[in-house]
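Trainee: One letter stands for each residue in the lines below.
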Amino acid sequence: MSDPVAFFDERLGAARGIRFVLSYVFPDHWSFLLGEIALYSFVTLIATGTFLALFFEPSLGHVVYHGGYVALQGEAVSSAYASTLRMSSNVSGGLLMRQTHHWAALVFVAAITLHLLRIVFTGAFRKPRDVNYFIGVTLLALAILEGFAGYSLPDDLLSGMGLAIAWAVAMSIPLIGGPFATALWGGRFPGTTSFESRLYIAHVFVIPMILAALITVHLAIIMIQRHSQFPGVGRREDNVVGTPLWPGYALRSLGLFAAVAAVLVLMGGLIQINPVWLWGPYHTYVGTNGAQPDWYLGWLIGALRLMPNLEIHVFGHTLVPNPFFGGVLFPSLVFALLYALPWLDRRWISRDHARHDLLERPRENPRRSGLAAAVFAAVAVVFAAGSADRLFFQFGFGYEGAVWFFRGAFLVVPVIVYVLVKRVCLALLASEAHPLRGWSGSILTRNARGGFDT
Amino acid sequence: MRRALLALAAFVCAGLALIAFSAGGGPQASGAGAPARAPAPATPAGVAASAGEQAAASVALARGRALFVSSCSACHGMGAGGISGRGPSLHGVGELAADFYLRTGRMPLPSPRAQPMRTRPAFAAAQIADLVAYVGSFGGPAIPTVQPAAGSLQRGHSLFALDCAGCHTIAAQGGIVTGAVVPSLQTASAREIAEAIRVGPYVMPRFGAGELSAGDVNSIARYVQSTDSPQDSGGWGIGRIGPIPEGMVAWLLAVAALLAIARLLGERTGDTPPPPPRGGQGTT
Amino acid sequence: MSGSERERPRPRTRLRGLLTMLVLWRLGALRRLRRAPRGAPEDPSERHVGAAAWAESLVLALLAAAGLAGLGFVALFILEPDTQLLGLSLGLALALAGAALALAGRRLVPQETRVEHRPRYGDDAEVAAVRSQAKAGLAGITRRRLLAGTAGLAGAGLTAAVAIPLAALGPGLEEQLRVTPWHSGRRLVDDQGTPILAADVNEGSFLTAFPEGADHEQLGSPVVLVRVASSALRLPAARATWAPEGILAYSKICTHAACAISLYRSPLSPSTESRGPALVCPCHYSTFDVRDGGSVEFGPAGRPLPQLPLRIDASGALTAAGPMSGPVGPAWWGDSQ
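Protein chains in written order, with the numbering used here: chain A, 108 to 561; chain B, 21 to 304; chain C, 8 to 344.
Think of the hints as simulated: they come from the structure by calculation, not from any bench. All residues carry an ideal CB built from backbone N, CA and C; glycine is no exception. A hint or two may mislead.
[What the hints assert, rightly or not] Which chain B residues stay away from chain A? Per the calculated CB distances, all over 12 Å, these:
#, residue
1, 77
2, 141
3, 229
[Claimed, not checked] Here are the in silico distance ranges between beta carbons for each label pair:
#, chain 1, residue 1, chain 2, residue 2, range
4, A, 177, B, 162, 26 to 34 Å
5, A, 129, C, 133, 22 to 30 Å
6, A, 242, C, 158, 22 to 30 Å
7, A, 238, C, 144, 20 to 28 Å
8, C, 57, A, 465, 51 to 59 Å
9, A, 447, C, 170, 24 to 32 Å
10, A, 162, B, 252, 17 to 25 Å
The shape of chain A in the complex, shown without the other chains (with noise of 0.2 Å):
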């Protein structure tokens, strides 16, 4: 095959597609890079995870440990928790993927949600990229249930406590909870033994091969679509102004994945991440103070935390247990808002109904900058609220007060944001003043011989 590209040619007619692509035009911003950081950070989660799988035992059956981790010899753990310990101790390597794997996790969905802020606030969800924006929010929520699914595996402490919420969760769904939670776990919680395997074969099969194929439409679309743009010299509706992919757009973001993938790896072998030895196994019996889930979790636990103690009975029978207003509702509000944000913004906010393929920036639409600051602002506060009792801990902010200050917060925060970003934004159109680029006026002062410079 002495000219690969002839080759596939002759044979597949590829080199028309290969043309196609290399001279795709991709218009230069740096907000549209965090998709690509979420991408990479996948990349990097597939890379990695699939050197732990060659290693991971799903299994919840018990072996007596006898590993480096002296703590813990002679102890009856699961073989999940005592195969997740030796791949961190006795595998080469095996620590640094496990961490890299739990950091690019942890990016991966703070990338997402970046992508998501830049798309909400810019409009770029509107005609035609409505379609890309509702596979986008379905890859938020699957990402975080991924997640879930990993930081459950390992049977450790934090993972057992974590999934003991998860069922009672499920547990509190009206109507089907409790025969599907029982289904889910093959029982009530723990669980069969079995259950291990279906987490398992859900974190490292059905939602990664979800998760690729959502991504794969995702990409195909906006090649489809071109991507979108900010108003410029010479960028018109019916145009794409930037840079080719062939040469400097694809160098560019080959060196982009090469940085996502040296920051995640410098931080796992460097900063220590759920280091499970320290954690214990888990017994349905035993709990760690102040148990948290990983942040992209932390507004739901926010909102079981500050869900007053209401749960509907009727004639001695529970209709609505307390998790579900928290854990299935709230949630269930925010991604519905999201998903309906499209039609909303065309209906209420912008009424606008027509096709865009140039971006706003956010303050060229103020009513919807601050509704969508007010909405995000309410899930910050939640998410806050999570954490209150290690607010407690470092401030010694009294945490029953903490409680009822952030059940406050999140009814009032959402207005003053709302009104305070809509403010904003008005006196930035007005100014055209650069809130990123910093400030462009010079300092005066008073030198000796009493003159001024600048």
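On the provided structure of chain A, position chains B and C as indicated by the hints.
Mentor: Below, chains B and C without anything else, positioned relative to chain A:
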């Protein structure tokens, strides 16, 4: 651009400082203000020691009583019988409780309703010995002997998980219970750990010999001491309390770094003028 | 491609590059003040060719360093697989490679801004053509409705057949959600299996106990034992005999979200601490008063902790005097209290 990067760097540094604080800080800091009623030592320590060599136990008791009257009786009463609503009776708490509270600086309290927190002891070691002897004279348990080396690390871990981790966290980093702060245990000595188990200070449950034998206490002390220098094979331990500092590091370090990189890579502002803001007059 | 290509060599030296940048930036600022005239379509296409010599050397150096760092990772992996050193070497290799790629993208290869036409979708004629073509495929069929209905039936049957294996996941028996190993006469043992004597439970202390011989991991098993002064008890009349000597047993599984209730707030000095003894869950801080049958004092739990009636047998050991007072763990739709 440069300013934005500088601001980002400053933000990251501030974030790291916050993480370092949350990892290393803890409620000890809030108790650092010396108790208001801490008395100045009446005599230089050297004089007290030389006097102690000659004096009989009754002299120590008398000194302890004098100290008690001047420093403790406002809440616990002149005869240590307690004052309702201010401080409990100390009859029967023994040398055990007195030694624990005084040597960890938890007593005297700045106000009767405050939570006792670990802080610098208000009294010199000799004064504490006198006070302990005085409180002990009303009867009660003696100071326990503890030998962490005789305990089992593995049993200590299981017992700690079962009885202690709910409040102190499994890595003994401290936490909360509704109404009180739970201290981290890294600064506690083996003797203090054993005393706390038996005393149950403030709202902590107390464990008698029926619940935890002397051997169990040795094991727990050994496990707690092992958390002073845990096996941080993963690198920087960031507080060992799990996902909260991990999430902060992910956002303030990794995501911030990647945003800076994205800003450097994303726009060709380095070799062209920055795009003007309104209406699109940029020449990219 | 609507733009014209202007090829011009880039300045060869760093200094000249910087000066040019400065001038261009000032020009941009001026133009910003003037606001470019609207109307005439501007063409932003441009293409600069020409790599700076320093950039080429730097990319070469970075690539070589990345390769060396990668080899360093290999050497460390074989000789001294320390997590920190491995992370440093691999991270360094990737960072150097990233820097080389980014620099090559910005300073070596031609810098090009291109204008591409954006396709517009939504062709009414095409949509109509698809409709008529689809209709044409059904020409000559008479019982269309019936066919559609039957096809729906086939689809439903197949979907059900594909989905039914999922039913094998769980027995789906809600009965087992209620079962606990506790019954009258079952002794309480500690985590080592030793029976717990009433005399072992001191006021102010708490203990985790299990039903003798039962699986400790089962949700219905673990209970918390505490003792309070009999005078402090405020149990409902029906539970008057459930706490011999003031010893109480509650399920250790939180009724909110199934975490283990592993905090016992036990005030040492009731005269200064207004709140009484309570069990607290470490997940969402539901707080249960132990004196009055486990009622919720604070937190999200929607119902009290189930209580286990106790009695003290002839040998002084604690024994269950009956089943749990209610279902253990979190609630679900339709459960009975």
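Trainee: Each hint: holds or not?
Mentor: Verification of the hints:
| no. | hint | verdict |
| --- | --- | --- |
| 1 | 77 | 41 Å, holds |
| 2 | 141 | 21 Å, holds |
| 3 | 229 | 23 Å, holds |
| 4 | 177(A) x 162(B): 26 to 34 Å | 32 Å, holds |
| 5 | 129(A) x 133(C): 22 to 30 Å | 28 Å, holds |
| 6 | 242(A) x 158(C): 22 to 30 Å | 29 Å, holds |
| 7 | 238(A) x 144(C): 20 to 28 Å | 26 Å, holds |
| 8 | 57(C) x 465(A): 51 to 59 Å | 33 Å, violated |
| 9 | 447(A) x 170(C): 24 to 32 Å | 29 Å, holds |
| 10 | 162(A) x 252(B): 17 to 25 Å | 21 Å, holds |
In terms of the numbered hints stated before, the structure departs from hint 8 and from no other.
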